[in-house]
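Trainee: Protein chains in written order, with numbering that gives the first Met the number 0: chain H, 0 to 347; chain F, 0 to 363.
Hints are computed from structural coordinates only; laboratory data are not their basis.
Any given hint might turn out to be false.
[As the list claims (entries may be wrong)] Here are the computed distance ranges between Cβ atoms for each label pair:
1. Asn337/F <-> Glu171/H: 53 to 61 Å
2. Asn111/F <-> Glu74/H: 18 to 26 Å
3. Glu199/F <-> Thr25/H: 35 to 43 Å
4. Glu223/H <-> Leu279/F: 42 to 50 Å
5. Arg267/F <-> Asp263/H: 17 to 25 Å
6. Gly337/H <-> Lys329/F: 55 to 63 Å
7. Met281/F <-> Asn151/H: 40 to 48 Å
8. Leu204/F <-> Thr25/H: 27 to 35 Å
For every residue, glycine included, the Cβ atom is placed at its ideal position computed from N, Cα and C.
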Amino acid sequence: MSNEYLIEVEHLKQYFPVRTGFAKTTPLKAVDDISFAIKPGETLGLVGESGCGKTTVGRTLLQLYKPTGGRVKYEGKTIFDAGDVPELDAEGKPIIGANGKPVLSKPVSVNMLPYRKKMQMVFQDPYSSLNPRMTVEDIIGEPLDVHKLYANKAERREKILRLMELVGLNAEHATRYAHEFSGGQRQRIGIARALAVDPRFIVCDEPVSALDVSIQAQVVNMFEDLQHKLGVAYLFIAHDLLVVNHISDRIAVMYLGKMMELADADDLMNSPIHPYTQSLLSAVPMPDPKIARQRKRIVLEGDVPSPLKAPSGCPFRTRCPYATEQCAAERPQLTDRGNGHMVACWNK
Amino acid sequence: MSEHLLSVKDLHTSFTTDNGEVHAVNGISFNLDAGKVLGIVGESGSGKSVTAYSIMQILAENGQITGGSVEYKGQDITKWSKKQMAGFRGKCCSIIFQDPMTSLNPVFSIGNQLEEAIRLHTDKNHKEARARAIELLTLVGVNEPAKRVKQYPFELSGGMRQRVMIAMALACEPDILIADEPTTALDVTIQAQILELMQELQKKLGMAIIMVTHDLGVIATMCDEIIVMYGGRVCERGTADAIFYEPAHEYTKGLLRSIPNVNNSKERLVPIAGNPINLLNMPSGCAFCARCDKAMKICLEQVPQERWVGKDHLASCWLNDLALKEKAEKMQAAGSSNAEILRETGWTKDADGAWIYTAETVQK
Numbered sequence: 000m001s002n003e004y005l006i007e008v009e010h011l012k013q014y015f016p017v018r019t020g021f022a023k024t025t026p027l028k029a030v031d032d033i034s035f036a037i038k039p040g041e042t043l044g045l046v047g048e049s050g051c052g053k054t055t056v057g058r059t060l061l062q063l064y065k066p067t068g069g070r071v072k073y074e075g076k077t078i079f080d081a082g083d084v085p086e087l088d089a090e091g092k093p094i095i096g097a098n099g100k101p102v103l104s105k106p107v108s109v110n111m112l113p114y115r116k117k118m119q120m121v122f123q124d125p126y127s128s129l130n131p132r133m134t135v136e137d138i139i140g141e142p143l144d145v146h147k148l149y150a151n152k153a154e155r156r157e158k159i160l161r162l163m164e165l166v167g168l169n170a171e172h173a174t175r176y177a178h179e180f181s182g183g184q185r186q187r188i189g190i191a192r193a194l195a196v197d198p199r200f201i202v203c204d205e206p207v208s209a210l211d212v213s214i215q216a217q218v219v220n221m222f223e224d225l226q227h228k229l230g231v232a233y234l235f236i237a238h239d240l241l242v243v244n245h246i247s248d249r250i251a252v253m254y255l256g257k258m259m260e261l262a263d264a265d266d267l268m269n270s271p272i273h274p275y276t277q278s279l280l281s282a283v284p285m286p287d288p289k290i291a292r293q294r295k296r297i298v299l300e301g302d303v304p305s306p307l308k309a310p311s312g313c314p315f316r317t318r319c320p321y322a323t324e325q326c327a328a329e330r331p332q333l334t335d336r337g338n339g340h341m342v343a344c345w346n347k
Numbered sequence: 000m001s002e003h004l005l006s007v008k009d010l011h012t013s014f015t016t017d018n019g020e021v022h023a024v025n026g027i028s029f030n031l032d033a034g035k036v037l038g039i040v041g042e043s044g045s046g047k048s049v050t051a052y053s054i055m056q057i058l059a060e061n062g063q064i065t066g067g068s069v070e071y072k073g074q075d076i077t078k079w080s081k082k083q084m085a086g087f088r089g090k091c092c093s094i095i096f097q098d099p100m101t102s103l104n105p106v107f108s109i110g111n112q113l114e115e116a117i118r119l120h121t122d123k124n125h126k127e128a129r130a131r132a133i134e135l136l137t138l139v140g141v142n143e144p145a146k147r148v149k150q151y152p153f154e155l156s157g158g159m160r161q162r163v164m165i166a167m168a169l170a171c172e173p174d175i176l177i178a179d180e181p182t183t184a185l186d187v188t189i190q191a192q193i194l195e196l197m198q199e200l201q202k203k204l205g206m207a208i209i210m211v212t213h214d215l216g217v218i219a220t221m222c223d224e225i226i227v228m229y230g231g232r233v234c235e236r237g238t239a240d241a242i243f244y245e246p247a248h249e250y251t252k253g254l255l256r257s258i259p260n261v262n263n264s265k266e267r268l269v270p271i272a273g274n275p276i277n278l279l280n281m282p283s284g285c286a287f288c289a290r291c292d293k294a295m296k297i298c299l300e301q302v303p304q305e306r307w308v309g310k311d312h313l314a315s316c317w318l319n320d321l322a323l324k325e326k327a328e329k330m331q332a333a334g335s336s337n338a339e340i341l342r343e344t345g346w347t348k349d350a351d352g353a354w355i356y357t358a359e360t361v362q363k
């Protein structure tokens, strides 16, 4: 097994049961068959409109929800397997069993506690993700307590102060409560808490969306600095494409629970292939009047369909200007169009 | 002098709170002409929304306009009675808010709410109002409008709700449409639809739009003129090109450096240091001085006055003030005539030999 990747996600599925009638539930396919991998020290940006399942990907990956299907690997070790992933042979083809069906993986579910030390999360809303009754010292110290990462009180305090310094907070802030801080500073507390256990991987769920423009840059820079210093990998989930492009090495685009395109950040921004990515990029308002005036926006018709009534085949086909019969009949898979530029589309 | 559609002069608005008087807007002035799009940009707490609410006089109970005037077609509407203002809202000037879900009433159908706006300002009967409602929904691109009028807000998506809000605002064909963060709650693809729609309607109906937002991208896409606000004051105002390509205020410069764009994806962002201003604790000088790299002693002590820094371009920064004065002194040393110096810099020497600034001359 190669350990080139820190995190590997294969055919991840997360369905939520939704009551659609009396004694009737329909699965809401929030995440439907998503695969990607993240290298150590790399940032993968995840973008999409609200309701496309990008937050669910982050949470399911950390098993804050139990995945409905798929496999998650950390440093090559399987930490979750629902038992529905086809086993592959050395050439990457599915192994066919004696009954003529593909051999499926064995279900695996490990105790996540040791892995929580390696994988952490920073939440979107710095106002509701910090306990208002705890001091900053206790908020940052809690992961240390849970994982028993200190020998005595003095060491705990020393670790907390070092973390606070790392994210740009002063030592005198330690005894204050979350409400005494501004949005940007609260987000720093949330990041210090995630870093307390010395993780290798952090899921950042819209970490700068709630911040003012002038503060966003401070926090984005801090994420980049911490990555240089600590070599931590990020899954950076956000809807602001310009911010994601700035921080990410690669970007994945999701639509209705499925992945549409995955490519190098520059590649994706400059030459998007999927019609959805193209329209998404053209819709981003550019902070430059000359570019904004010249640009032709590809304005999509209609709204995103309800994930409960997702279209057959390609989920984007109802709004796609290039849709054909094939798009309705069969779902396109992600295929490599060169240089690791993965696209799921029949026509492009 | 030609009359402006809307002319705000030295507007002051403050709120009485338990912690003291909060001066949310401190002397805002601007003019708006028919068919123009004016953008007001700033961070939260910069007073941009309060400016919009002050024009409409829909401030919260503890807020009031404490100074200045808002002139609509030459008449000061801050002196108008409640009844006159009720006629102003909707008919002359409408507003759309950020969150379409909380601004629509959940217990009335879309048609019902649209009709209310129409019947309030016209003498149309129920049937005519319903027909007008359907016409308006068609105008803003809602599909199957005849069916939609019977639906309730929860049955519509965010983008559709915002279209209904726009339809409602346009019900009486106002001269001015104020849009307070109209697309902040929406996804980019829906945002593009709504912005496109607003531009289209503006061309079709010829109304003026005041766009209040923190998103520089939206501002760049939509606006002819821009006002940059910070701490309840205007930092800088001018044409979109002037603000984006020749920013003259340190705050605007900082703001433009701090946002990621297509060209700087591999460079480090340059954030503005410090935290947004606390309006309860305003400095006596420039509101931005605590976060400004180039702050001087005078910035801490005195509020900078607006100076003309270019054609249709004003900024309130002591740096410009000093630069202009220096230029005036240099020109004098080089032997330029007083009239020339005045035209170029706005500074002139009075009888006692002291420099005075006269804005009017540069303006022309």
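Trainee: So, for every hint listed, does it hold in this structure?
Mentor: Here's how the hints hold up against the structure:
no.	hint	in the structure
1	Asn337/F <-> Glu171/H: 53 to 61 Å	57 Å, holds
2	Asn111/F <-> Glu74/H: 18 to 26 Å	60 Å, violated
3	Glu199/F <-> Thr25/H: 35 to 43 Å	38 Å, holds
4	Glu223/H <-> Leu279/F: 42 to 50 Å	34 Å, violated
5	Arg267/F <-> Asp263/H: 17 to 25 Å	20 Å, holds
6	Gly337/H <-> Lys329/F: 55 to 63 Å	59 Å, holds
7	Met281/F <-> Asn151/H: 40 to 48 Å	47 Å, holds
8	Leu204/F <-> Thr25/H: 27 to 35 Å	44 Å, violated
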